[in-house]
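*Asks:* What follows is each chain in one-letter form.
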Amino acid sequence: MTTLQRKEVNPIAHLSPEDIEQIGRELDAIRDEVLAVRGEKDAKYIRRVIAIQRRLEVGSRAVLLFSVFPPAWILGTIGLSISKILENMEIGHNILHGQYDFMRDPKIHSTTWEWDFAAPAEQWKHSHNELHHKYTNVIGRDNDLGYGIMRVDEQQKWAPAHLGQPLYNFINACLFEYGIAAYDLELGRNLSSKRRRNNPDFRARLRQVGRKIRNQMLKDYVAHPALSVPVGLAFGNPFGAFFGTLAANVVANVVRNLWSHSVIMCGHFPNGVETFERTSITGETRGEWYLRQMLGSANISGSKLMHIMTGNLSHQIEHHCFPDLPASRYAEIAPKVRALFEKYELKYVTGPFVVQVASAWSKVFRLAFPNRKPARPIDHAVPPRHPAEVSV
Amino acid sequence: MTLRPPRSSLGHVAVTQKVRDGAWRVVELITTPVVPADYLDVIAPLRNPTVLRARIDAVRPETAKAVTLVLRPGRGWQPHRPGQYVRLGVDVDGVRLWRAYSVSSAAGRADGRFTVTVNAVENGVVSSYLLKNARKGMLVHLDLPDGEFLLPEQRPAKALFVTAGSGITPVMGMLRSALHELSDVVVVHSARTAEDVVFGAELRDLAAQGRIRLIERHTLADGRLKPDGLADLVPDLFERETWACGPGQLLDDLEEHWADAGVADRLHIERFRTVVLVAGDGGTVTFEKSGLVVDAPGGTSILEAGEAAGQLMKSGCRMGICYKCVLPMREGIVRDLRDGTITTASEVDGDKPLIQTCISAAAGPCRIDA
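Residue numbers (UniProt numbering), protein chains in the order written: chain A, 1 to 392; chain B, 1 to 370.
Note that these hints are calculated values from the structure, not bench results. Careful: at least some of the hints might be erroneous.
Unchecked claim - Partial chain B-side listing against chain A, Cβ under 8 angstroms, derived:
(1) Ala-309
(2) Leu-312
(3) Met-313
What the hints assert, rightly or not - With a straight-line cut-off of 30 angstroms between C-alpha atoms, the simulated DSSO-like cross-links for lysine-lysine are:
(4) Lys-44(A) with Lys-289(B)
(5) Lys-18(B) with Lys-219(A)
(6) Lys-343(A) with Lys-304(A)
(7) Lys-65(B) with Lys-41(A)
(8) Lys-136(B) with Lys-107(A)
(9) Lys-18(B) with Lys-41(A)
(10) Lys-44(A) with Lys-136(B)
(11) Lys-336(A) with Lys-44(A)
(12) Lys-107(A) with Lys-226(B)
(13) Lys-134(A) with Lys-314(B)
(14) Lys-136(B) with Lys-314(B)
(15) Lys-18(B) with Lys-134(A)
(16) Lys-352(B) with Lys-289(B)
(17) Lys-41(A) with Lys-132(B)
(18) Lys-44(A) with Lys-18(B)
(19) Lys-314(B) with Lys-194(A)
(20) Lys-107(A) with Lys-158(B)
(21) Lys-107(A) with Lys-132(B)
Quick reminder that beta carbons are idealized off the backbone N, C-alpha and C, glycines included.
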């Protein structure tokens, strides 16, 4: 049975096992509704987004050939940043989830897609689809919780090293694509002993990451800067052209890193999101799995453009319940999912981007320090109370 | 075809080749992690050298239930030989489905185009989609032409074609390509009514000119053609080199008849789709590479059934969300254990959909490419 990381209040204390299975059936029904209409519209949508992204990328890179001119540099850098965000979020993340596998198009398929990101798709799919989406917010199983470097829950033991976690989090945000590559490699764990370091499987994956990063860097920081040199020569500033384009690529990658890191932080870190005990998921039913996804995720409210730029991870709750449905359908089903939360008196965590980012960051800062009250050992004899019973 | 520089010396050629390869690697680096063709696809989908596509240049209705598509193939196409078929990948409601269609146009057209003629099959998803939705300008995916239903280089002195329904399409391709090289041709064609005869006007025209002897049989009025009846219509049938294409029952009858007469080698047949897959409960799952055969019940995933029988299988989340366990299904029918969705694959169409083995149960015999 799914049990929450025990706190003084338990938001699911009022649900009977039968209620939980009923929630599962109702979510299955929502899924079936989408499956019934999934088809040409979704195929057209993803092809259109890909076409727009490729045109935007080629256009921005063409403008950056003239990077010696400041207006061209600004325009090209903005375009390239947007293009990289689209490529990673609305396109790459969602295709790699198998959301468009139903199309049977070998060009747009989770088994063949590769993305403009340091982490090779294959390794990311393992740590993300297979581990994070299955063990969402289970402490000790879901490494996305704090990425193994941060304390993200009061119940986790504090150590002096946690004082630095706001800094680690900021560095991780700037270098997010490399952070994810290291995370997929479970670098910390695999470098810890000689036996692990020499494991042939780990070494093969390490080489795969090395090749990917080398190609990515050669592309962004050598090939494209070199392409702007002829224009630079014509205007007597070849070095300015090379380093201008190089800087544009660095900025675009960092912008994309900061943006995706922020969006992903909003998914599971804001206040109100629950975590779960490691032992609690043995023999978990489908209804319980759904419930864990519902309570372990948080949405971002905003415009259609906001949803597209986050790859619809702004609908993190819907995404975690239905990771393989086309993401552009999440907005459509969100009202039904939210109604289900209300029906069963559960908290649908959502808020504007700035509020959610601030909430996630405040948690990072708060938990950098030891708990104010010493964490009371949980008395398992006392049943947890529903939030309504707790006076504020 | 690429132009090669004059071979003044072999070293010169090698250097040019090396420079070209190097330049290509740089282009690939510029577009990594995707390939240059992926960008080209956005503007010129027919120029892709690795993904064969065709554009529909014209759509001509033949009968109420048949339509001819004039196709302009893209880069990488190789001309067909008369009688061959080509597999078309058509996006039906967003899902790419592959079907084989005989080429109905003459070989070697100067404009490089070719035609296929699509006949509506009962409950046929792709044929009915094309009949209703095929439009000029639409893109379809292609495979290279294939098939052994061919006229020999040494043209036969006397030829007989026995066809029924859509079976006329490969024969029409042959007649349009090679009729001028054939002196004595009999065509026996069965269709429900006179209006249902695909290419009816053209065939009757050829008959009127005396270039073929055409025997039309309208099964609604005259009943189905039997081999005995055929012998009455064409007394010298065993002296003729014969090509037959049509429903399975007709072809079975003809094969038996020709074998009984000891002239089986004079009969050439082309079978269209033979099996109609109907969803049942459980089935025999064959893992083709390992040779393992498992009886999988309808409530057990193919992953579990395979593992229980000792097949080595990849798996991840085991609940249908991570797509690590997918395997190509060469032929068969499976049911999604979560929502009942049915997925089918047919060898004839060469469509090998990837199925999620952890949430798919056999709904009939399945052959898995693993």
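*Asks:* For every hint, state whether the structure bears it out.
*Replies:* Results for each hint:
no. : hint                       : in the structure
1   : Ala-309                    : violated, 24 angstroms
2   : Leu-312                    : violated, 16 angstroms
3   : Met-313                    : violated, 15 angstroms
4   : Lys-44(A) with Lys-289(B)  : violated, 36 angstroms
5   : Lys-18(B) with Lys-219(A)  : holds, 21 angstroms
6   : Lys-343(A) with Lys-304(A) : holds, 26 angstroms
7   : Lys-65(B) with Lys-41(A)   : holds, 27 angstroms
8   : Lys-136(B) with Lys-107(A) : holds, 24 angstroms
9   : Lys-18(B) with Lys-41(A)   : violated, 46 angstroms
10  : Lys-44(A) with Lys-136(B)  : holds, 18 angstroms
11  : Lys-336(A) with Lys-44(A)  : holds, 25 angstroms
12  : Lys-107(A) with Lys-226(B) : violated, 48 angstroms
13  : Lys-134(A) with Lys-314(B) : holds, 16 angstroms
14  : Lys-136(B) with Lys-314(B) : violated, 44 angstroms
15  : Lys-18(B) with Lys-134(A)  : violated, 49 angstroms
16  : Lys-352(B) with Lys-289(B) : holds, 15 angstroms
17  : Lys-41(A) with Lys-132(B)  : holds, 18 angstroms
18  : Lys-44(A) with Lys-18(B)   : violated, 41 angstroms
19  : Lys-314(B) with Lys-194(A) : holds, 28 angstroms
20  : Lys-107(A) with Lys-158(B) : violated, 48 angstroms
21  : Lys-107(A) with Lys-132(B) : holds, 26 angstroms
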